[in-house]
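Go by the hints and put chains W, R and B onto chain S.
Protein chains in written order, with the numbering used here: chain S, 46 to 360; chain W, 319 to 417; chain R, 4 to 97; chain B, 1025 to 1137.
Zero decoy hints are in this set.
Covered by chain S, per the in silico footprint, the following chain R stretches (three or more residues, Cβ under 8 Å):
#	segment
1	5 to 18
2	59 to 72
Just the calculated beta-carbon pair ranges, DEER-fashion:
#	chain 1	residue 1	chain 2	residue 2	range
3	W	389	S	290	40 to 50 Å
4	W	389	S	173	34 to 44 Å
5	S	151	W	349	35 to 45 Å
6	S	294	W	383	31 to 41 Å
7	R	6	S	283	46 to 56 Å
8	S	310	W	328	57 to 67 Å
9	W	323	S	243	42 to 52 Å
10	S	71	W	327	44 to 54 Å
11	S	176	R	28	54 to 64 Å
12	R	24	S	51	19 to 29 Å
13	S	195	W	383	25 to 35 Å
14	S	136	W	327	58 to 68 Å
15	S	333	W	323	47 to 57 Å
16	S	51	W	350	29 to 39 Å
Calculated from the structure, these hints are not laboratory results.
We put the beta carbon where it would ideally sit given N, CA and C, even for glycine.
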Amino acid sequence: MTIGVGFSIALGLLILAVAVFTIGTRDSFAAVVAFVVYGLLLSLGWMNLYCPDVALTEAAVGGGVTGALLLNACARVRSEKTSDFKKSPRWIGRGMAGLLCLALSSGLVAVVILLPNPAPTLAPEATRSLSATGLGNPVTAVLMAYRALDTMLEKVVLLLALVGVWSLASDRFWGGRATFGHLPEPDRPLIFLTRVLAPVGIIAGIYLFWVGADAPGGAFAGGAILSAIWILVFFAGLSVVPAVGSLGLRIVLSVGIIIFLAAGVAGISMAAGFLAYPAGFAKPIIVVIEVAMTLSIGATLGLLVAGPPGESLKP
Amino acid sequence: MSIAVALNILTIVAVSGGAFFFLAGTVGLLRFPDTLTRLHALTKADNVGLGLIMIGLLPRVAWPFDALKLIVVWVLVLVASAVSSQLIGRKLWRGGDGS
Amino acid sequence: MRDILFCGAGFVLAMVALGLIRILRGPAAADRMMAAQLLGTGGIAVLLLAAGGGLAAAVDVALTLALLAAFAAVAFVKSGTPPKLDKSPTGEKG
Amino acid sequence: MNVPTILGICAAGLIGLGLFSLIVEPQPLRKILAFNVLGNGVFLFFGVVARRGAAVGLFGDPIPQALVITGIVVGFSATALAVALLLRLFDETGSTSLGDDAQKESKSERADS
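For reference, chain S alone in the conformation it holds in the complex:
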């Protein structure tokens, strides 16, 4: 056990060091690369806490998709490479901010040490009704059954964010597609990589979603992997980003929420209330919702990285 504790100390120190570097370096590109590393290390930290569901989501979203988003942004604003400390607050302001944050961190450290250990837990309640949902993974049960309303609204937030991103397009590009991953010439090694990774990635995404019922995984991790593969296809130039006006795209984006809402409304008449699942049918309903959600999450995350439309369909 002591070796395990030593490993955790090393991991925690490394995470802190990478965070210090992310916020301290002058070079914005170095900061973004450090942030990608930070996401990967956090995923290791989540495994160290025995939260594999979170580790999967963090690995796919935090390290992968966020990394692509920020690297792309950093390359677009290349001219402003270095952080300009002349515009930051004077040293008094910085010192006061530092003191405030130090006080906050110390308070939180005290909280960590003083809080009851073991903490009050809802784990017994979460496992008690597990058999009624037909699921084996309590985290998925919380996401899809006990707190399904949160998950549904979270899908709405994702879609709203995408609407927000799209609404930043210029008028003349509206209805067009994002200029993302456009290449002057085909890039053969990248096409090879995409052709190898795409089938494996799609299988891995579906697999993670499917085992999510009984083992760590689920719609979020699976959808994030699918979106990463989709972005890779854009980068390789094997496909173009769909136009925002496309009806098919809009159906895929909203199918998760529509099915979720339909199941919720059906619950009012067939079971106890909104989003209540009728006894015995919980598992199939959850699976149908999750299929739609995985598709929608994958499409939404991919389009969030691709950004607002910047090219009209007919020039």
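Just chains W, R and B now, with coordinates in the frame of chain S:
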């Protein structure tokens, strides 16, 4: 019993070898004089290192399916590393240091 | 055996952490990207060694990390200003 | 000292670091990074609560884990929206600065050209 001991020795030897290759990769990344040589050190060393660690871990997994997944992980990293180093190398070759 | 694998995990973690000095020093952007690449591979090794073949979910996390191993490098090489905007950076404002 | 406590102290440090950078950093892209460092620190804090709530054969309390999973995805969508705003600002003004003098500079540059 002797098979278990042999497998344990295999694990220790392979994992130690893998760790040594990670050491080599890091030393190369830190000590080699320019970017292309550092790319060379990185891509050769860490793939062999990961491969040896995978070989060491193969006897330790509970299910055969997990062993298959370990091999898939290694092959994926090989492909990813080969292609990404090619992309980085070409970017360096064509467009200066890319900084 | 578990402890030996944990030691191996700590050693590999220390090695890739040392490699992170390249993110600090650069000088080229590619050098920084390569350090992240090394940590990606090393992170998979650390994850699997720390799990020691015990936790089946660790292999799934490793699979996710392996799928996305090239992702950051591809984004680094391919992203940037789209070619269309490159030709007329100021002409579109009017 | 056990594993959750160590990572909890790490999370406390991350929250402080992220907040500090969010306050003092003038450049929007770096503010976005700081926001993410801060957010991930908060998530890790939740992880400590989850791990300490291990009971009835589970390795951790599933409720905080589910909250963090939705949080990661929402945090990503907020980041994507912020990045899109930043890039649009850059396309319009040629600068990502929000200060008064930066606007003046870009206006005078436009007047010159």
